[in-house]
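Each chain, letter by letter, is given below.
There are 2 protein chains.
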Amino acid sequence: MSKLRTQPYRGTRDFLPEEMSVRLQIFDKLYRVVETFGYVRYDGPVLEPMELYEAKSGQELVSEQLFSLIDRGERRLALRPEMTPTVARMVAANRGALAFPIRWYSHPNCFRYERPQRGRVREHWQINVDMFGSESPGAEAEIFTLIHRMMEALGAAKEDYLLRVSDRMLMETAFRNYPEIIDEQMKLVFSVLDRWEKVEIDVSRKVLAEAGLSDLQIVRVEEIIGLGLGDIVEIVGEEIAKTSPVVSILRDELIQDSISFDPLIARGFEYYTSTVFEVFDVIAENRRALFGGGRYDNLVALFSDERIPGIGFGMGDVTLVNFLESRGLLPQPNITADVEVIVGEGGALRPVLWEVLNRLRKAGLRTTTPPEQQGVGKQLKRVAKRGIPVVVMIQGNEWERGTVIVRDMNRTQQSEVTLDALVAVIRSIIATESLT
Amino acid sequence: MSKLRTQPYRGTRDFLPEEMSVRLQIFDKLYRVVETFGYVRYDGPVLEPMELYEAKSGQELVSEQLFSLIDRGERRLALRPEMTPTVARMVAANRGALAFPIRWYSHPNCFRYERPQRGRVREHWQINVDMFGSESPGAEAEIFTLIHRMMEALGAAKEDYLLRVSDRMLMETAFRNYPEIIDEQMKLVFSVLDRWEKVEIDVSRKVLAEAGLSDLQIVRVEEIIGLGLGDIVEIVGEEIAKTSPVVSILRDELIQDSISFDPLIARGFEYYTSTVFEVFDVIAENRRALFGGGRYDNLVALFSDERIPGIGFGMGDVTLVNFLESRGLLPQPNITADVEVIVGEGGALRPVLWEVLNRLRKAGLRTTTPPEQQGVGKQLKRVAKRGIPVVVMIQGNEWERGTVIVRDMNRTQQSEVTLDALVAVIRSIIATESLT
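Chains as they are written, first to last, in the numbering used here: chain S, 1 to 436; chain V, 1 to 436.
Check before you lean on any hint, since a few could be wrong.
Each pair may be met inside one copy or between any two copies, as identical chains are not told apart.
Computed cross-link-like contacts, DSSO-like style, restricted to lysine-lysine with a CA-CA straight-line distance of at most 30 angstroms [claimed, not checked]:
hint : residue 1 : residue 2
1    : 378       : 242
2    : 29        : 3
3    : 362       : 29
4    : 187       : 198
5    : 3         : 56
6    : 381       : 362
7    : 187       : 3
8    : 362       : 158
9    : 381       : 187
10   : 187       : 56
If you are wondering where the hints come from, they were derived from the structure by calculation, not from laboratory data.
Start from the sequences, fold in the hints, and give me the full structure.
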């Protein structure tokens, strides 16, 4: 019989314990920060009705990137490509019982049919952070502060990244007032902005021209995206500018230095209503968005008559690991057991083995024993190969005195220890270890 | 426009923060136990090639329960219904680099198209625990001990459940020797055993008769499954019995009392080669398998020429939560922030607010502040409604003296506290809280 392939499905990943340990440590750091901001974790299904994404996630995602299937009851389903529609659905379903503003986070795996390449996979893990129920720029301030704290917790310095912010409502008004872009063209103009830095300028111009923009309009679009905030406010007028959370934030002396206004930030999802932002990796060989988000004040209204504003972001594992790797900030894997317990001779000492194992494990020490006891020399060699720092040996001679042998594998020292002192002795060896 | 439905897809679940907190606490307890046994966490993809399950997972699962799809490259994929084939694939792929025995665990979501009912959903979460590389009954002993420790960590008493064990190889030999069941019928006999307790005896007899078993053979099948281990050993002979890890374990005085031999235990997956076991909920209204597993010594060989024995189990969240609920063992949700910080008057104190927030969060306290500061009375009412135990109020009068007001919401007491003492005072209020 021919053998089955051992590779995972194209664009998905196996996480061996070494890699998983790194991923877990990164996200644990992020969870801890997010929780100190009062965000609580929720979860939702991987499978969602197709309609959930057809409504507002954007044409490209739905027609080209969704993994879809039809179940045995003829229901059209998708593997979630992102978490925001799910959380909006959940908030709408439970709106009566929730005390707004609510702060929620999750850690979903999301799926997109992408051509696998650096930074792009078909299944990735992200942390999703959302606040619902506030239209105040105070929500933006909290989210931006949180992002800086998360980056700090990962070890990133301020120079490592940029938090770039724009406001779609503001930009839309500017485009409508000055180059007189009509509503039908607006979606396309934003999708051109979103790719502006990734393609040649002629490509962007050509797409705009194909959408019916005149040469003069195209010149003006380029002019606007080169403007600073002050000039854009002038185009849209103070009346409109005052309603922009981004303008408020950028006028706030406490926050303005931590973000940079950038009219090129558009983000792909159609549901964003005003604020959009992304964290940008500034290292030359990367120069790409690490993650992003925005404000979606009308998304919950797809499900209910109530309008519940929302703002949030999703931070994926792939670009994050690339970012940390290129700065030497990846955590070390931590997957080696603390101690292996071996029995020196025969089976008569097995009851002692069981008691020792139980004590060490109850104390929280990661403790293994070979399923099959063999000669001491052979076992020590195996332990050394696995990098376990401590061995406990149970042997007849010592056991008659009520003691066992504890061996420090790195210093190749060993000593006779009573059962009551065992946990403390092992802990002190491990502690010394981690100092060197 | 008509509104989108807020319900999750049939058979899948939204986990609100309350429910998620319970799920996380349960699995955190299990992770901790599993890690003290030296198991390390890995992860694999949700999407796998269909072939992975067609090989050995069993007919019913593949033809009736798989969620399948065809990707844009015409590849046949399935949403994993279980984790064992994935981990066997990963072990085969990396066998050269692994120091056996290896102890791995994971926490996947798995998918089955089931008719939703109590204990059955279409997406569930499980903890999967596997050891690879040992044929010794010491592996069984470790796995059984681990299961008892996991149940103990959840608060279960020994009387709450049974660890029922059988050996397919042993039973197959018995069926072949005594009622002379032929190999072609064997798979069906085990599938009848697997449902024996769930259906009327006439149904089981009818299925066996349809498979071509004579009346006498059926009588003998019933006889065998009523036998104790001693009688079964007699039928198969000591030569064969000696090779059964289950027989070894049941002859081991240290372990034999912690498990019960039961010829009815068969388990659904075809890849099990000898040992099979399940943890059975003994409460009258439940009386069902909580979870189970077995030994699959030939599964890795589907992928490579090397034969790497394996043993493990998966423990799903749905039956586990039912079990804990029926015994009052569910953990309490823990999702309320520790402290809310509010500003008494105007915006002039915002720099102080930021400093206070930063201090509290750095100390690990779950700290919120309203995105929009409002009147103190209104804010206190909101905090009380959310159940947050502590409020810090920043007001002009106190701040001029370098202090803030800390309010204990449950005792409605408040005191003036310096910034340096703030964290300690809040911690002591929360600690007193959790005692009452």
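30 angstroms Cα threshold - placement of residue 158 relative to residue 362: Between. Shortest inter-copy distance 18 angstroms satisfies the 30 angstroms Cα cut-off; intra-copy 43 angstroms does not.
Same-copy or cross-copy closeness of residue 381 to residue 187 [CA-CA at most 30 angstroms]: Answer is neither; intra-copy 65 angstroms and inter-copy 43 angstroms both fail.
Alpha-carbon proximity context of residue 3 and residue 56, limit 30 angstroms: Between copies only: 13 angstroms across chains, 44 angstroms inside a chain, cut-off 30 angstroms.
Checking residue 378 and residue 242: alpha-carbon separation at most 30 angstroms within a copy, between copies, both or neither? Between copies only: 26 angstroms across, 75 angstroms inside.
Using 30 angstroms as the alpha-carbon threshold, which applies to residue 381 and residue 362: within, between, both, or neither? Result: close within a single copy only, 27 angstroms intra versus 44 angstroms inter.
How do residue 187 and residue 56 come out at 30 angstroms by Cα distance, when the copy is not named: within, between, both, or neither? within (12 angstroms within a copy, 50 angstroms between copies)
Is it within, between, both, or neither for residue 362 and residue 29, if the alpha carbons may be no more than 30 angstroms apart? So residue 362 and residue 29 pass the 30 angstroms test inside a copy (26 angstroms) and across (13 angstroms) alike.
Regarding residue 187 and residue 3, is the shortest C-alpha distance of 30 angstroms or less found within a copy, between copies, in both, or in neither? between (50 angstroms within a copy, 23 angstroms between copies)
Tell me, please, which holds for residue 187 and residue 198 at an alpha-carbon limit of 30 angstroms: within, between, both or neither? So residue 187 and residue 198 pass the 30 angstroms test inside one copy only (18 angstroms; across, 58 angstroms).
Are the CA atoms of residue 29 and residue 3 at most 30 angstroms apart within a copy, between copies, both, or neither? Answer is neither; intra-copy 41 angstroms and inter-copy 38 angstroms both fail.
Checked against the numbered hints listed earlier, the structure breaks hints 2, 9; every other hint is satisfied.
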